[in-house]
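Put chain Y on the given structure of chain H with help from the hints.
Protein chains: 2
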Amino acid sequence: MQLLEDRIRRDGVVRDGNVLKVDSFLNHQMDVAFFQELAKEFYRLFRDSGVNKILTIEASGIGVACMTAQQFGCPLVFAKKNRTKNIAGDVWTSKVESFTHGRIYDIIVSKDFLGPQDRVLLIDDFLANGAALMGLIELVRQSGASLVGAGICIEKAFQPGGDLIRGMGVRVESLARIRSMSPDGGIQFC
Amino acid sequence: MQLLEDRIRRDGVVRDGNVLKVDSFLNHQMDVAFFQELAKEFYRLFRDSGVNKILTIEASGIGVACMTAQQFGCPLVFAKKNRTKNIAGDVWTSKVESFTHGRIYDIIVSKDFLGPQDRVLLIDDFLANGAALMGLIELVRQSGASLVGAGICIEKAFQPGGDLIRGMGVRVESLARIRSMSPDGGIQFC
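Going down the list, the sequences are from chains H and Y.
Per numbering that gives the first Met the number 0, the very first residue in the first sequence carries number 0; after that it's consecutive.
Per numbering that gives the first Met the number 0, the very first residue in the second sequence carries number 0; after that it's consecutive.
Just chain H, with the same shape it has in the complex (with noise of 0.2 Å):
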């Protein structure tokens, strides 16, 4: 997407050690606005699939999640990353490995809200690793929902997530595929 591209050669920062700063306007500080024309890009992508929700991660991938939600018209649910007090009863589960804080955590989501009935396309800021995105697919997995795709804002192609996630036989559709990067030569997109 080259609205996408744009904003990410603009101001996007290359770090050592693979990191993409785009704080500015992706996961720190939102541009809401801009937000809106991601998720009609998802919306296009996948209206003919009958998504009947959406299911992201806390907390980066929620403002994404959120207006993709406003776009198809249905509930939006996040997989938290802690047990709080206010989620009782039966849940869905997996375990997600951050290599951002180096340590491994559980999500979860309430039985409540993720079931047979869903049809979800999973949507995340990132795709690197692919960690985040396998812990959502093995939360759809165990809830018996059917699973229409995954939507990623930025894709770092030249890491393992997407040859992954995609091999597995899941649609993966990303709106920036970063092919290579360095905080000297730049951005190269696929």
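Wrong hints could be hidden among the right ones.
One copy or two, it doesn't matter: identical chains are merged, so the pair holds either way.
To be verified - In silico DSBU-like pairs for lysine-lysine, Cα to Cα no more than 35 Å straight-line:
#	residue 1	residue 2
1	39	94
2	20	94
3	80	20
These aren't lab readings, by the way, just hints derived from the structure by calculation.
Just chain Y now, with coordinates in the frame of chain H:
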């Protein structure tokens, strides 16, 4: 706001320990179309205040804050509970005591996204003890931004947060204010 009170009466569940479960529409599954109506009400209340930034805290406030930012046509910033590799540089920081999780944590916002040029509306899903809101107010104070007020979906008016923060001279607008609630006796609004 009648629409929200009706929804809480219909779908909210009161549990022991002053817990109000509204996770079917507000803070786990998110009814985004409904959020849009809440956001319009926040816009009606604060539209003459020159708001140019929405500030919330991860994770459950992000959805309503996102829809509110859409109404105001301004960006949203969410305070993070963990410092990640991807936020380098200087940050504003304060401490929040979570009664839900039973611990104290740091929250941060990058100095790049909150400063003296900003007129900030705080948005959150709940106000009870006021800990999260106090943490956000402290970030605004540090940054030199102007605090326009706080828009809250559900205030537990029988807990001290609302009085505390209004007592500091902050304009707090809560769309539903609960006077009392119990598992047997239902929910009474102010």
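Quick one: residue 20 to residue 94, C-alpha cut-off 35 Å, is that within a copy, between copies, both, or neither?
Both ways: residue 20 and residue 94 sit 25 Å apart in one copy and 25 Å across, limit 35 Å.
Alpha-carbon proximity between residue 80 and residue 20, which holds within one copy, between copies, both or neither at 35 Å:
both (23 Å within a copy, 18 Å between copies)
How would you classify residue 39 and residue 94 at a CA-CA limit of 35 Å: within, between, both, or neither?
within (31 Å within a copy, 37 Å between copies)
Against the hints set out earlier in the document, no violation occurs for any number.
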